[in-house]
Amino acid sequence: MMDELEALGGTPDDGVMEDVADTASAEPDPLDLLRAENAELKDRYVRLVAEMENLRRRTEREVKDARTFAISNFARD
Numbered sequence: 531m532m533d534e535l536e537a538l539g540g541t542p543d544d545g546v547m548e549d550v551a552d553t554a555s556a557e558p559d560p561l562d563l564l565r566a567e568n569a570e571l572k573d574r575y576v577r578l579v580a581e582m583e584n585l586r587r588r589t590e591r592e593v594k595d596a597r598t599f600a601i602s603n604f605a606r607d
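Here the working numbering = 1-based position in the sequence shown + 530.
Treat the hints as calculated values from the structure; they're not laboratory data. Computed from a predicted model, the values in this text were never measured in an experiment. Careful, some of the hints might be misleading.
Said to hold, decoys possible - Label pairs and their calculated CB-CB ranges: (1) 601 <-> 562: 58 to 66 Å; (2) 603 <-> 564: 39 to 47 Å; (3) 584 <-> 605: 44 to 52 Å; (4) 568 <-> 591: 44 to 52 Å; (5) 584 <-> 557: 52 to 60 Å; (6) 556 <-> 580: 36 to 44 Å; (7) 590 <-> 561: 39 to 47 Å; (8) 558 <-> 580: 50 to 58 Å; (9) 563 <-> 598: 46 to 54 Å; (10) 559 <-> 581: 29 to 37 Å; (11) 604 <-> 581: 31 to 39 Å; (12) 576 <-> 556: 43 to 51 Å; (13) 580 <-> 605: 56 to 64 Å.
Yeah, the Cβ is synthetic: ideal placement off N, Cα and C, and Gly gets one too.
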């Protein structure tokens, strides 16, 4: 690339480096930020759904065990 610039009579400092610096220091694209936020929220949602399903199953199992234990104690008496 430098050979091409020198052949044209220019130097690497003729605006090319300024454009690169401006691009590098520019803020990230708002769409990319929204996509990242969306991915994070989707991950949190999936985890919460799994947690709620686990809670439902655990509660169901505890209720079943409590009933079984109550019946076995009643039958033993």
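Results for each hint:
1. 601 <-> 562: 58 to 66 Å: holds, 59 Å
2. 603 <-> 564: 39 to 47 Å: violated, 58 Å
3. 584 <-> 605: 44 to 52 Å: Hint violated: Cβ distance 32 Å, outside 44 to 52 Å.
4. 568 <-> 591: 44 to 52 Å: Violated: the Cβ-Cβ distance is about 35 Å, outside 44 to 52 Å.
5. 584 <-> 557: 52 to 60 Å: Given about 40 Å between the Cβ atoms, the range is violated.
6. 556 <-> 580: 36 to 44 Å: Cβ of residue 556 to Cβ of residue 580: about 38 Å, so the range 36 to 44 Å holds.
7. 590 <-> 561: 39 to 47 Å: holds, 43 Å
8. 558 <-> 580: 50 to 58 Å: violated, 31 Å
9. 563 <-> 598: 46 to 54 Å: This hint holds: roughly 53 Å between Cβ atoms.
10. 559 <-> 581: 29 to 37 Å: holds, 33 Å
11. 604 <-> 581: 31 to 39 Å: At roughly 34 Å between Cβ atoms, residue 581 and residue 604 fall inside 31 to 39 Å, so the hint holds.
12. 576 <-> 556: 43 to 51 Å: The hint (43 to 51 Å, Cβ to Cβ) is violated, given that residue 576 and residue 556 are roughly 33 Å apart.
13. 580 <-> 605: 56 to 64 Å: violated, 37 Å
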